[in-house]
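**Q** The residues making up each chain are set out below.
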Amino acid sequence: MAKIVGSIVTSHVPAIGRAIAGNLQNEPYWKPFFDAFPPIHRWLDEVKPDVAVVVYNDHGLNFFLDKMPTFSVGAAPEYRNADEGWGIPTLPPFTGDTELSWHLINQLVNKEFDLTTCQEMLVDHAFTLPLKLLWPQEGACPIKVVPVCINTVQFPIPSASRCYKLGEAIGEAIAAWDSDARVVVIGTGGLSHQLDGERAGFINKPFDLQFMQSLVDNPKWATQYTVEQLVEHTGSQGIELLMWLAARATIKGDVRALQNTYHLPISNTAAGVMLLEPLA
Amino acid sequence: MAEQQRVSIPGTTLFDDIQAQKGYALNKMCFSFNDKANRDAFKADEAAYCARFGLTAPQLAAVQSRNVLQLIAAGGNVYYLAKFAGIFGLDVQDIGAQQTGMSKDEFKQKLLNAGQ
Ligand SMILES: [Fe+2]
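In the order they appear, the protein sequences are chains A and B. By my numbering, the letter at position 234 of the first sequence is numbered 234, and the numbering carries on one by one without gaps. By my numbering, the letter at position 22 of the second sequence is numbered 22, and the numbering carries on one by one without gaps.
Since the hints were made in silico from the structure, they are not lab data. Since the structure is predicted, the reported quantities are computational estimates derived from the model, not experimental observations. A few of these clues could be false.
With a cut-off of at most 27 Å between alpha-carbon atoms, the simulated DSSO-like pairs for lysine-lysine come out as follows [to be verified]: (1) 22/B - 67/A; (2) 104/B - 205/A; (3) 43/B - 104/B; (4) 22/B - 31/A; (5) 31/A - 205/A; (6) 132/A - 36/B; (7) 108/B - 205/A; (8) 31/A - 110/B; (9) 36/B - 205/A; (10) 165/A - 220/A.
Extracted from the complex, chain A is given alone in its bound form (with noise of 0.2 Å):
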C-alpha cells in the first residue's frame, strides 16, 4: 500500500516567482524565507517520494464564476501553468498521475466529497511556486503531481471542519491505494494577509503561530472558527490557511515539525513553511 511520508506546508505569494526568476534568494528582504527550504531539499532527498498530492487555491487562472467547484480534483496526465496577467514567468508542465487522481477520485466520492473531475486543468501560482521552492532544478518538476483545489473566491466556502475531514479521506484514499508509491502531501497559502478593502495589509502574527503550533499539538484547533471567523483572524486571503489544515489532516496521528519558519513581511503576507513527519 502506498505511505505518506510527510506533509509540507508554505505559503505561495506571487512576489516569491519574481524572487526566483530574479535570484534574488540570498537578498535580505528573501534569506529568511528561502532558507527554510535547504533542510527541506535534504530530507526529499532522502525519503524520495514519487508523487505529490498538492492542495491549493486557484486564483482566477483555471476557474472563473460561471463555475465554481467547491473541492476539484486534477486527472490529467499533465498540468500545465500559464500567464495570470500580472507578470511572472511561466513554469514548465507538471507531470500528472492518473492512477492516483481516479483512485482519490473514486475513494472520496464514496465517502461523500462530491468532486469535480478535471482531465484539463491549469495551474496557477498557488501550485506551481511551492514546487519550485521544493524542487528548485532547471526544468521540469522531477515527481509526479495531483492538484487538490479548494474554493476560496466565492463564498460559501468550505469549512474549516469540512477541510479537515477531506484531508483526512484524502489520507484515507492513499492508504488505501495498492501502489508502493511514496507520497508526499503539499498544502499551499496564507499565513494572515488581506489585499482589499480599508482593511489591506491586515496581519495576525499571534494567530499564525498559534495556527502552525496547532498542527503538532492539537491539528483540529483551527477547526473550532467559521470561514468568517477566520477572515476576521487572518484576512480574507488569510482563509488559505484550509490548504494547510486539509494537508496536516491528510497524516493520521502525531507528528514532527521537521522544519517550522515564520517570517514577514512577503509582499502583503505573512509566510510559513513547515515540515510535518509523521510519527508513527
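Following the hints, position chain B with the ligand against chain A.
**A** Then chain B with the ligand, alone, in the frame of chain A:
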C-alpha cells in the same frame, strides 16, 4: 433552516452571493486579462473593450477611476482585479497603499510593523 446571518468585518467585503452576482460582468472582463492579447485590446481601446462585457454604469466609472475600493463596491473580486491592476504595472502593495490612503512606503512600513 434560517438564512445564515451576514457577518460584518470592518474594511472588508466578503465576496458572497450578492457580490458575485453584482460583479459578474466586471470580474469576467478582469478574468479575460489572463491573456496578453486581451490586455492589449483593452489598452488599445478601453471603451470598446468594456462595452464587450456589458459593464454596469458604476463598474464603468470604477474602471475609469482605477480606484480599487470603488471597483470592489461595484462587485469586483480582488483576485480578478489584480489582473486589471497588472495592466498598469501595479502590484498588491500599490493597491494596498491606494485602499488605505497611504504612500507605498507607509504601507510597507505598516506590514513591517506587524512583525514586531
Ligand atoms: Fe493565494
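**Q** Does each hint hold? Answer for all of them.
**A** Status of each hint after checking the structure:
no.	hint	result
1	22/B - 67/A	holds, 16 Å
2	104/B - 205/A	holds, 22 Å
3	43/B - 104/B	holds, 25 Å
4	22/B - 31/A	violated, 42 Å
5	31/A - 205/A	holds, 19 Å
6	132/A - 36/B	holds, 24 Å
7	108/B - 205/A	holds, 16 Å
8	31/A - 110/B	holds, 21 Å
9	36/B - 205/A	violated, 37 Å
10	165/A - 220/A	holds, 10 Å
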